[in-house]
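> Read top to bottom, the protein sequences are chains A and B.
Going left to right, the first sequence walks through residues 1 to 164 as my numbering numbers them.
Going left to right, the second sequence walks through residues 1 to 496 as my numbering numbers them.
Since the hints were derived computationally from the structure, they do not count as laboratory data.
Some clues are possibly wrong.
To be clear about the criterion: a stretch of chain B counts as covered by chain A if any three or more of its residues have a C-beta under 8 Å from a C-beta of chain A, and this derived list gives those stretches [as the list claims (entries may be wrong)]:
id, stretch
1, 130-144
2, 328-338
3, 352-363
4, 382-395
5, 406-418
Computed spacing ranges between beta-carbons, pair by pair [claimed, not checked]:
id, chain 1, residue 1, chain 2, residue 2, range
6, B, Ala452, A, Glu76, 42 to 50 Å
7, B, Thr250, A, Tyr26, 34 to 42 Å
8, A, Asn94, B, Arg407, 48 to 56 Å
9, B, Asp347, A, Gln159, 16 to 24 Å
10, B, Asp174, A, Asp16, 39 to 47 Å
11, B, Val449, A, Asp16, 32 to 40 Å
12, B, Glu25, A, Leu110, 23 to 31 Å
13, B, Thr137, A, Thr142, 42 to 50 Å
14, B, Thr250, A, Thr142, 20 to 28 Å
C-beta atoms are modelled at their ideal positions from N, C-alpha and C, and glycine is treated no differently.
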Amino acid sequence: MNRTTINIAEYSFEYDESRGIITNSYGKNVSADVEKISNCEFSVLVDGKSFHIFFSTTQNSPNATVNNFIFEIQKETFRDKLNKKLHKESVNNNSITLRAPMPGLVTKILLLEGTAVNAGDGVLIIEAMKMENEIKSLHSGTIKKIFVQEKQTVEKNDQLFTIE
Amino acid sequence: MPKIKKILIANRGEIAVRIHRSAKEMGIQTVAIFSDIDRTSPHVLLCDEAYPLNGVLSSETYLNIDKIISIAHKAKVDAIHPGYGFLSEKEFFAKSVTDAGMIFIGPKSETIEILGSKTTARDLLSKKNIPIVPGTTNPIDSLEEATKVAAEIGFPILIKASGGGGGKGMRRVDSSAELPNAIERARNEASKAFSDDRVYIEKYIVNPKHIEIQILADSKGNVIHLGERECSIQRRHQKVVEECPSTALTPELRSKMGQTAVDIAKAAGYINAGTIEFLLDANKNFYFLEVNTRVQVEHPITEMVYGIDIIKEQIRIAEGKSLSFTQNDVKINGHAIESRIYAEEYDNNFLPSTGTITHYQPSEGLGVRNDSGIRVGSEITMYYDPMIAKLITHGRTRDEAIEKMKRALREYKINGVKTTIPFCEMVLFHPEFINGNYDINFVAKHYLVPDAKINAQESIAIVTSFVSQKNTLPKLSDDKTLTVINSKWKNQLRNE
Chain A
1 MNRTTINIAE YSFEYDESRG IITNSYGKNV SADVEKISNC EFSVLVDGKS FHIFFSTTQN
61 SPNATVNNFI FEIQKETFRD KLNKKLHKES VNNNSITLRA PMPGLVTKIL LLEGTAVNAG
121 DGVLIIEAMK MENEIKSLHS GTIKKIFVQE KQTVEKNDQL FTIE
Chain B
1 MPKIKKILIA NRGEIAVRIH RSAKEMGIQT VAIFSDIDRT SPHVLLCDEA YPLNGVLSSE
61 TYLNIDKIIS IAHKAKVDAI HPGYGFLSEK EFFAKSVTDA GMIFIGPKSE TIEILGSKTT
121 ARDLLSKKNI PIVPGTTNPI DSLEEATKVA AEIGFPILIK ASGGGGGKGM RRVDSSAELP
181 NAIERARNEA SKAFSDDRVY IEKYIVNPKH IEIQILADSK GNVIHLGERE CSIQRRHQKV
241 VEECPSTALT PELRSKMGQT AVDIAKAAGY INAGTIEFLL DANKNFYFLE VNTRVQVEHP
301 ITEMVYGIDI IKEQIRIAEG KSLSFTQNDV KINGHAIESR IYAEEYDNNF LPSTGTITHY
361 QPSEGLGVRN DSGIRVGSEI TMYYDPMIAK LITHGRTRDE AIEKMKRALR EYKINGVKTT
421 IPFCEMVLFH PEFINGNYDI NFVAKHYLVP DAKINAQESI AIVTSFVSQK NTLPKLSDDK
481 TLTVINSKWK NQLRNE
């Protein structure tokens, strides 16, 4: 099966690679006049309307930029869908892991593993571009694990701590 | 004083480029300095000479006075322009420059010391009958003192850094329970940003407008003002959209606030360009906030409206020249707006967005000015301020400046990081911005995450180009395709 589902915001498309056909969620074929300007820049004419589209792969997933708004492009092959379905049943949903919202330096860890927290409590501080940002727990519970240490640099989306 | 022939620009990014431009127009040679990351930044490419600071952290580069003075000696400059941020408001930097026998393009070290510490500034001005916001005139020493002061002036209060501005080290506190944590956080931030952890307390004025007056003062005692800028659109106490003039000021109020600013400059013996910041409440009472003893980020809107190049005036004043115009000569011409373009996540609390700029095409056209310090390939890192460019529009009327800004924001194309452009667009379309009645709580009151909606046609444009991107790119690295290309190339070589 060479079919891929491509989701962009609330729109969903099916791409049949072997036939080179894209269909929308109503099963209708879509087409456009696509002209590549550079690897990341495209001019697209859809029914005569002109769009200037940029692509990047920040945060490890492909993104498209239109009018300075960034849209994540979610791709799912048939196999991905199957894996997701199987995986879902084995995931333990009692613990929540918070990830770094930005790259930066962990300057202070305010609470220890095993401490009880309420939603809104600050757990650690990340400094980036000279601003201190207090990273708060979004949930009440116990800090099960802290993945980082003070003075450690983190990238965006690195695991910070798990609340159970 | 002699004519300046060569200037070292002790800064980076857009302001280094901005200073270079005015200096070149005056026939002055320019010297850039750069950290490891900035080796190919626009200011290095544009300036006549450039020297490495060797390092990445601000403390080992743009804040390192010894390295900067030693480069200035090596390059044989007459003067140093500090720009804004970094060392611009450090009196010991101004002193180091003059002690080294060079001209510091800014006020005297003593003036920076008095005005730069907001507490001594408040002290000086309260004696001169200048209206100031209730609060401490001295840095607070203990939590007990802070609690006592807060109780006297009443919550909400604002904790502010004595050593600098820009929202760093600033915290609003609504109750005594929040006080200890807020003070510690503010001290840490202040210490990192300004190497000075002293903080003071001010009454928090509810719903004011931020109005600041631009002044120019020469060494002969002539002081004039170039009207106001309104900078009430702020997030995290940092300005994002500014305009000149403000809708809130009548000619009478402008003249009154302008005269107060001139009086403040005279009281402090001020020389060079400076900005006096005020809060203006709903009843048109204004309170002195602080003096910025340097060029401001938002100075271009004043330049557009008053037709005066503030950087050139700074240089002329530093050369000892008199102002070439009087208060009566300066006239308002139209309206200007500035949108600051920060590398920040417009849809996620303005968190820093780092990355490499892969496409950059700023807006152009009549009445549009772009002051930027980036190019394709620039790395936006977590080490420096996230502001990457300033977009300024100038129109005959406020409406025209607004329409131009909407057009120019839509035209601006930048890829590789998220920016505040969608946020600025949201501001420009907001009825409260359009009617001019907004205050410094605009973002808190109205900030809705910019609506990243696309229509069906846009989604088709994305999916079709995405699929064609995926289909053309992998083919180049596909083994079969490569073999074909390689063999053709080899065959051609053999034939030659």
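> Range first: 39 to 47 Å. Now tell me if the beta carbons of Asp174(B) and Asp16(A) are that far apart.
58 Å, violated
> Using a Cβ cutoff of 8 Å, are there at least 3 residues of the stretch 328-338 of chain B near chain A, or does the coverage claim fail?
violated (count 0)
> Is 23 to 31 Å a correct range for the gap between the Cβ atoms of Glu25(B) and Leu110(A)?
52 Å, violated
> Counting residues of the stretch 352-363 of chain B with a beta carbon closer than 8 Å to any beta carbon of chain A, are there 3 or more?
With 6 residues close enough to chain A, the hint holds.
> Could one say that the CB atoms of Thr250(B) and Thr142(A) fall in the range 20 to 28 Å?
60 Å, violated
> Per the hint of 42 to 50 Å, is the separation of the Cβ atoms of Thr137(B) and Thr142(A) within bounds?
46 Å, holds
> For the pair Asn94(A) and Arg407(B), does the Cβ-Cβ distance stay inside 48 to 56 Å?
The hinted range 48 to 56 Å holds for Asn94(A) and Arg407(B), with Cβ atoms some 52 Å apart.
> Okay, Asp347(B) versus Gln159(A) on CB: inside 16 to 24 Å?
Given a distance of about 22 Å, which is inside 16 to 24 Å, the answer is holds.
> That 34 to 42 Å hint for Thr250(B) and Tyr26(A) (C-beta), does it hold up?
59 Å, violated
> Are there three or more residues in the stretch 130-144 of chain B whose C-beta lies closer than 8 Å to some C-beta of chain A?
Check failed, 0 qualifying residues.
> Could you say whether the range 42 to 50 Å given as a hint is met by the Cβ separation of Ala452(B) and Glu76(A)?
21 Å, violated
> Go check the stretch 382-395 of chain B versus chain A for me, would you? Three or more residues, Cβ under 8 Å, otherwise it fails.
holds (count 5)
Hints 1, 2, 6, 7, 10, 12, 14 from the list above are not met by this structure, while the remaining hints are.
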